[in-house]
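Colleague: Single-letter residue listing:
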Amino acid sequence: MAEVTLAHGAGGGAMQELIEECFLKAFGDLPLEEKEDQARFNLAELGAQGGELAFTTDSFVVSPLRFPGGDIGKLAVCGTLNDLAVGGARPLYLSAAFILEEGLALEELHAQVASMAQAAREAGVSIVTGDTKVVERGQADKLFITTTGIGVIPKGLALSIASARPGDKVLVTGPIGDHGAAVMLAREELGLAGDLESDCANLYPLLAPVLAQCPGVRAIRDATRGGLAAVLTEMAAASQVGIALEESALPVRSQVKALCELLGLEPLLLANEGMAALVVAPEQAELALALLREHPLGRQAALVGGVRAEMPGRLWLGTAYGGQRLLELPYGLQLPRIC
Amino acid sequence: MTLEDFRDPGRVRVLLGAIRQEAEPLAQRLGRPLQIMEVCGGHTHAIFRFGLDQLLPKSIEFIHGPGCPVCVLPVAAVDQALALAERGLVLASFGDPMRVPGTHMSLLEAKAKGMDVRILYSPLDALALARKEPGRQFVFFSIGFDTTMPAAACSLLAAAREGLGNLRFLCHHIRLMPTLEALLTAGELRLDGFVGPGHVATVIGAGAFAPVAARHGKPLVIAGFEPVDFLQALYQLLLQLKEGRCAIENAYGRVVSEAGNLAAQAAIAQAFEEGVDAEWRGLGLVPGSGVRVREAFRDWDAAPLLAFDTLPQRRPEPCQCSQVLIGRLKPNQCPHFGKGCSPQHPLGALMVSTEGACAAYHQYKEAIHG
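Residue numbers (the numbering used here), protein chains in the order written: chain P, 1 to 339; chain G, 1 to 370.
Just so you know, these hints were derived from the structure itself, not from any lab. Incorrect hints may appear among the rest.
[Said to hold, decoys possible] When the alpha-carbon atoms are kept at most 25 Å apart in a straight line, the in silico SDA-like pairs for lysine to any residue are as follows:
id, chain 1, residue 1, chain 2, residue 2
1, G, K111, P, E102
2, P, K257, G, K330
3, G, K113, P, I99
4, G, K339, P, Q240
5, P, K142, G, G114
6, G, K111, P, L329
7, P, K257, G, D277
8, P, K257, G, F6
9, P, K155, P, A212
10, G, K111, P, G264
11, G, K330, P, M311
12, G, K330, P, Q324
13, P, K257, G, D5
14, G, K111, P, I99
15, P, K142, P, S63
16, P, K142, G, D116
17, G, K132, P, G103
18, G, K339, P, V61
19, G, K113, P, A140
20, P, K257, G, L120
21, G, K58, P, M311
22, G, K113, P, G242
23, G, K111, P, S63
24, G, K111, P, V61
25, G, K111, P, P64
26, P, K142, G, F225
27, G, K113, P, S63
28, G, K330, G, L191
29, G, K339, P, T233
30, G, K58, G, N332
31, P, K142, G, P134
32, P, K257, G, L124
33, G, K330, P, G103
34, G, K113, P, R225
Put together the whole structure using the sequences plus the hints.
Modeller: Given below as structure tokens:
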């Protein structure tokens with residue numbers, strides 16, 4: 001089976017062949033085909049679409065490369081699109097940089113690039129520039145992808161995690177912890193079987209109608225690494241408010257619950273790749289929830305808590321029995337417990 | 001019955017009401033709050049996780065016992081594991097001990113420095129690793145109470161049966177009963193009764209706790225880890241105190257039998273020799289609480305790899321973990337709590353594991369109660 005070799009990163013014929021055969025064939029869109037060292041945009045056209053340019057970048061290093069519900073290629077596109085979408089930006093263009101480990105099967109690379117192309121096409125964005133490096137075996141884990149995205153924020157929209165106010169409501173767009181749990185199950189060393197899928201998805205089509213119709217949306221964050229607890233703690237700190245969640249209102253799939261029980265993990269700290277938390281002015285919370293539920297990705301959207309004046313910077317959970325517990329971020333990784 | 005039944009708010013409310021009703025007059029009669037020790041860290045965790053600490057009456061005070069294997073793991077054990085990893089052996093470990101501080105570093109820090117430390121979910125995974133990579137020498141860092149011993153024993157026996165030459169076990173298992181007896185004999189505890197450890201009881205059986213009531217005169221009720229389980233056991237304990245009875249009761253009958261898991265006990269007996277004096281972090285030497293790999297399985301024992309001169313010196317513990325472990329201090333009464341010692345930078349073992357009393361206080365309680 002053909003594999004990536006150091007020659008593919010050496011700038012010569014092998015690299016040209018890889019670019020032509022793999023990246024250009026898959027991504028196909030101009031101006032990538034023009035093979036300049038940069039993509040070029042017409043400023044007037046961009047400016048006509050909104051008031052601000054949004055610009056973001058993210059690196060993807062997931063292992064294994066394929067997991068139920070997605071793969072690193074889809075993740076690399078959706079993850080960056082979502083970082084634009086939660087700022088209210090309509091995503092337009094992506095760059096993609098690849099770090100390939102010597103020995104990676106070319107078939108795997110082609111599959112991941114095809115997956116990226118499909119995710120980008122479905123989202124209506126173009127991958128317009130990129131880079132490829134090959135490192136020696138052992139210096140990377142098969143394939144790392146960095147994507148950078150550009151989008152345009154409509155005039156008048158100013159989402160900010162510092163804008164939550166006491167009385168606001170907290171919504172989530174879907175079940176909690178699916179991605180983290182699915183990736184954990186996909187790792188062979190766990191030796192568990194399960195039918196969980198990552199929630200990996202582009203959130204813009206779900207969020208756009210809410211943003212268009214609910215000016216009371218104050219802040220959105222996609223709950224990736226660190227999970228829902230991390231993004232809400234960030235919001236609480238940035239806005240100097242407390243955030244209270246109701247445990248019974250949180251949508252968590254029974255499979256995720258079971259996995260967490262088994263390993264002693266907390267679903268609120270598991271990563272998601274297609275779920276966001278919204279802070280919405282109280283009078284528009286119901287409308288926002290209804291709009292989210294109209295979209296297939298938001299069927300299980302839920303109102304899960306509220307913003308409080310007390311305990312600024314803190315996130316806590318109301319238990320089903322009327323007790324409370326404070327949620328603190330773990331310092332590092334969540335580690336499975338033995339008993 | 002499903003898991004949800006054991007978390008049912010209706011049942012929890014009924015039990016809380018019944019507990020309140022029994023606890024108040026008992027505390028009045030004693031002229032002080034009732035002192036109940038939950039031996040197992042899993043119960044400490046459940047109490048805070050479900051917010052039960054705020055719902056139970058002030059007339060019950062919990063003493064968080066020594067039952068978290070990570071919290072009582074001595075520095076020397078971590079140092080031994082690190083010494084083996086430093087020699088180029090692959091150290092396979094549960095997730096829990098990864099952050100426990102050794103003399104110079106933790107296993108997690110060792111991993112970052114390039115030592116081959118792998119996190120496993122079961123000792124059986126160590127077998128699989130050793131089979132898959134026959135060219136590497138593996139050591140499984142085998143820790144835990146009676147709960148994790150059966151899986152470790154079965155893995156060791158399987159390795160021996162297969163003649164697997166590249167897997168050894170660094171055995172730091174400890175047994176709970178000798179420790180309970182040591183605590184009770186020390187006479188420093190003013191306890192009214194015990195909520196017994198459900199997981200340990202699954203292995204050793206309810207009958208194994210008989211000396212707690214018979215010899216030491218303390219009632220003990222074995223509990224599961226869901227809110228209904230725990231509160232049911234607590235209620236039964238209060239009834240015993242009210243009626244002046246002192247018995248071992250089993251409120252976790254769906255899992256725990258009188259004799260325990262005989263197959264598990266047989267595997268433990270075959271692989272390990274009991275009655276070894278063992279060092280516990282916070283408690284010091286607990287006679288007869290440890291085990292070692294039987295001589296017959298010397299080839300699968302990592303202990304002979306450790307020459308005496310590599311064993312590190314004991315150093316004084318900076319925290320007052322021992323006082324917390326025997327119930328003389330509440331975690332937040334320790335002068336280091338939340339200041340020098342936090343889950344991010346633990347000084348003492350009780351802050352390391354999420355089941356440690358200090359970490360549980362820090363994570364769930366302190367900020368809400370101020």
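Colleague: Next, verify each hint and record whether it holds.
Modeller: Taking the hints in turn, this is what the structure says about them:
Taken as a hint, the K111/G and E102/P pair is honoured in the structure, with Cα atoms around 24 Å apart against an allowance of 25 Å. With a C-alpha separation of about 32 Å, the suggested pairing of K257/P with K330/G is violated against the 25 Å cut-off. This hinted pair checks out: K113/G and I99/P have alpha carbons roughly 23 Å apart, not beyond 25 Å. Between K339/G and Q240/P the alpha-carbon distance is near 23 Å, which keeps this suggested pair within the 25 Å criterion.
Of the pairs offered as hints, the one joining K142/P and G114/G holds, with about 19 Å between alpha carbons and a cut-off of 25 Å not exceeded. Distance hint between K111/G and L329/P is fulfilled; the C-alpha atoms sit about 22 Å from each other, no more than 25 Å. For the hint linking K257/P to D277/G, the alpha-carbon distance of about 40 Å lies beyond 25 Å, and the restraint is violated. Straight-line distance between C-alpha atoms of K257/P and F6/G comes to about 15 Å, which keeps the hinted pair within the 25 Å bound.
Using a Cα cut-off of 25 Å, the hinted pair K155/P and A212/P holds, with the two alpha carbons roughly 11 Å apart. A hinted pair counts as satisfied when its Cα atoms are at most 25 Å apart, and K111/G with G264/P qualifies at roughly 22 Å. Using a Cα cut-off of 25 Å, the hinted pair K330/G and M311/P holds, with the two alpha carbons roughly 24 Å apart. Proposed proximity of K330/G and Q324/P is supported: the alpha carbons are some 20 Å apart, at most 25 Å.
Straight-line distance between C-alpha atoms of K257/P and D5/G comes to about 15 Å, which keeps the hinted pair within the 25 Å bound. Distance restraint check for K111/G and I99/P: the Cα-Cα separation of roughly 23 Å lies within the 25 Å cut-off, and the hinted pair is therefore satisfied. At roughly 9 Å between alpha-carbon atoms, K142/P and S63/P fall within 25 Å of each other, so this suggested pair holds. Between K142/P and D116/G the CA atoms are separated by roughly 19 Å; this keeps the pair inside 25 Å, and the hint holds.
For the hint linking K132/G to G103/P, the alpha-carbon distance of about 20 Å falls within 25 Å, and the restraint holds. Restraint check: the Cα-Cα separation between K339/G and V61/P comes to about 36 Å, which exceeds 25 Å; the hinted pair is violated. Taking the CA atoms of K113/G and A140/P, the gap is about 17 Å. The hint holds against a cut of 25 Å. Of the supplied pair hints, the one linking K257/P and L120/G holds, its CA atoms being roughly 20 Å apart against a limit of 25 Å.
For the given pair, K58/G sits about 24 Å from M311/P by alpha-carbon distance, which is consistent with the 25 Å threshold. Between K113/G and G242/P, the direct Cα distance comes to roughly 39 Å. Violation of the 25 Å bound is thereby established for this hinted pair. Taken as a hint, the K111/G and S63/P pair is honoured in the structure, with Cα atoms around 18 Å apart against an allowance of 25 Å. Our distance criterion of 25 Å between C-alpha atoms is met by K111/G and V61/P, whose separation comes to about 18 Å.
A C-alpha spacing of about 20 Å is found between K111/G and P64/P, which places the hinted pair at or below 25 Å, so the restraint holds. Of the pairs offered as hints, the one joining K142/P and F225/G is violated, with about 42 Å between alpha carbons and a cut-off of 25 Å exceeded. Proximity of K113/G to S63/P is assessed by CA-CA distance (about 21 Å); at most 25 Å being required, the pair is judged to hold. Simply put, K330/G and L191/G have alpha-carbon atoms about 15 Å apart, close enough for the 25 Å limit, and the pair holds.
A hinted pair counts as satisfied when its Cα atoms are at most 25 Å apart, and K339/G with T233/P qualifies at roughly 21 Å. Taking the CA atoms of K58/G and N332/G, the gap is about 17 Å. The hint holds against a cut of 25 Å. Restraint check: the Cα-Cα separation between K142/P and P134/G comes to about 23 Å, which is no more than 25 Å; the hinted pair holds. At roughly 24 Å between alpha-carbon atoms, K257/P and L124/G fall within 25 Å of each other, so this suggested pair holds.
At most 25 Å may separate the alpha-carbon atoms for a hinted pair to count; K330/G and G103/P exceed this at roughly 56 Å. Pair hint K113/G plus R225/P holds up; C-alpha atoms about 24 Å apart against a cutoff of 25 Å.
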